[in-house]
Amino acid sequence: KNQVEQSPQSLIILEGKNCTLQCNYTVSPFSNLRWYKQDTGRGPVSLTIMTFSENTKSNGRYTATLDADTKQSSLHITASQLSDSASYICVVSSYNFNKFYFGSGTKLNVKP
Amino acid sequence: EAQVTQNPRYLITVTGKKLTVTCSQNMNHEYMSWYRQDPGLGLRQIYYSMNVEVTDKGDVPEGYKVSRKEKRNFPLILESPSPNQTSLYFCASSPFPGSTEAFFGQGTRLTVV
Numbered sequence: 001k002n003q004v005e006q007s008p009q010s011l012i013i014l015e016g017k018n019c020t021l022q023c024n025y026t027v028s029p030f031s032n033l034r035w036y037k038q039d040t041g042r043g044p045v046s047l048t049i050m051t052f053s054e055n056t057k058s059n060g061r062y063t064a065t066l067d068a069d070t071k072q073s074s075l076h077i078t079a080s081q082l083s084d085s086a087s088y089i090c091v092v093s094s095y096n097f098n099k100f101y102f103g104s105g106t107k108l109n110v111k112p
Numbered sequence: 001e002a003q004v005t006q007n008p009r010y011l012i013t014v015t016g017k018k019l020t021v022t023c024s025q026n027m028n029h030e031y032m033s034w035y036r037q038d039p040g041l042g043l044r045q046i047y048y049s050m051n052v053e054v055t056d057k058g059d060v061p062e063g064y065k066v067s068r069k070e071k072r073n074f075p076l077i078l079e080s081p082s083p084n085q086t087s088l089y090f091c092a093s094s095p096f097p098g099s100t101e102a103f104f105g106q107g108t109r110l111t112v113v
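Chains X and G are the protein sequences, given in the same order.
Letter by letter, the first sequence follows residues 1 to 112 of the numbering used here.
Letter by letter, the second sequence follows residues 1 to 113 of the numbering used here.
Errors might be hidden in some of the hints.
Think about it this way: if two alpha-carbon atoms lie no more than 25 angstroms apart in a straight line, the pair counts; the simulated DSS-like pairs of lysine-lysine are [to be verified]: (1) X:Lys17 - X:Lys1; (2) X:Lys99 - G:Lys65; (3) X:Lys17 - X:Lys107; (4) X:Lys111 - X:Lys17; (5) X:Lys99 - X:Lys71; (6) G:Lys57 - G:Lys71; (7) G:Lys17 - G:Lys65; (8) X:Lys99 - X:Lys111; (9) X:Lys1 - G:Lys17; (10) G:Lys57 - G:Lys18; (11) G:Lys71 - G:Lys18; (12) X:Lys17 - X:Lys57; (13) G:Lys71 - X:Lys99; (14) G:Lys57 - X:Lys99; (15) X:Lys99 - G:Lys17.
These are calculated hints, taken from the structure and not from any lab test.
Work the whole structure out from these sequences, hints included.
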């Protein structure tokens, strides 16, 4: 069964600290993996995309990793800011049926 | 500005009263879809459309209808809403079926009492 699981469900960190969010998937055949940021009450917005051949990709303070062998991805946030408070959703695409598979998200709360 | 626009943003209605949530995109995208988001369950696909007049069921289609008469519009219809359809709804579009990125609308928070 194609699934995407994220951990932790929620996370509280102090402003300026780093954190890492995890995403494990069983989707096959794998096409790509995206991390989305969803601010409260708004639609998700894409942060980064990882394809099969990519191990690491950075977008400012966000760094995503992908291990296609173990089917794991992580999103590392450096020097967190209050504006990083949001839900982060891992989405895996499959070549079959043009389908997206969504994780249930990690809710990050950055406190001053 | 490229965007996906949903209306209304908030809606409270009573059981059984038909309602329509509109969705419009200005990016000439072929692929559009509707999702509902519930706590702890993530985004689940309700219906999708690969192009005009081509629609198909997603993972949770019961109680919903859609139509795609024009490329830019993809309304979600609840013929007889029930309280278990209380949720946050998102419309999304992608340039073509199989595209790797979805562009989401702002969301519609629906409460059925």
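Here is what the structure says about each hint:
1. As the CA atoms of Lys17 (chain X) and Lys1 (chain X) are separated by approximately 36 angstroms, the hinted pair breaks the 25 angstroms bound.
2. Taking the CA atoms of Lys99 (chain X) and Lys65 (chain G), the gap is near 20 angstroms; set against the 25 angstroms cutoff, the hint holds.
3. The suggested pairing of Lys17 (chain X) with Lys107 (chain X) holds, with an alpha-carbon distance near 16 angstroms, which does not exceed 25 angstroms.
4. Proximity of Lys111 (chain X) to Lys17 (chain X) is assessed by CA-CA distance (about 10 angstroms); at most 25 angstroms being required, the pair is judged to hold.
5. A C-alpha spacing of about 18 angstroms is found between Lys99 (chain X) and Lys71 (chain X), which places the hinted pair at or below 25 angstroms, so the restraint holds.
6. Among the hinted pairs, Lys57 (chain G) with Lys71 (chain G) is consistent with the structure: their alpha-carbon atoms are about 18 angstroms apart, no more than 25 angstroms.
7. Restraint check for Lys17 (chain G) and Lys65 (chain G): satisfied, since their Cα atoms lie roughly 14 angstroms apart, inside the 25 angstroms limit.
8. The straight-line distance between the Cα atoms of Lys99 (chain X) and Lys111 (chain X) is roughly 36 angstroms, outside the 25 angstroms bound, and the hint therefore fails.
9. Restraint check for Lys1 (chain X) and Lys17 (chain G): not satisfied, since their Cα atoms lie roughly 37 angstroms apart, outside the 25 angstroms limit.
10. With a CA separation close to 20 angstroms, the supplied pair Lys57 (chain G) and Lys18 (chain G) stays within the 25 angstroms bound.
11. At roughly 24 angstroms between alpha-carbon atoms, Lys71 (chain G) and Lys18 (chain G) fall within 25 angstroms of each other, so this suggested pair holds.
12. Between Lys17 (chain X) and Lys57 (chain X) the alpha-carbon distance is near 20 angstroms, which keeps this suggested pair within the 25 angstroms criterion.
13. Distance restraint check for Lys71 (chain G) and Lys99 (chain X): the Cα-Cα separation of roughly 20 angstroms lies within the 25 angstroms cut-off, and the hinted pair is therefore satisfied.
14. For a cut-off of 25 angstroms, the pair hint linking Lys57 (chain G) to Lys99 (chain X) stands: about 12 angstroms separates their Cα positions.
15. With a C-alpha separation of about 32 angstroms, the suggested pairing of Lys99 (chain X) with Lys17 (chain G) is violated against the 25 angstroms cut-off.
In summary, the numbered hints that this structure violates are 1, 8, 9 and 15.
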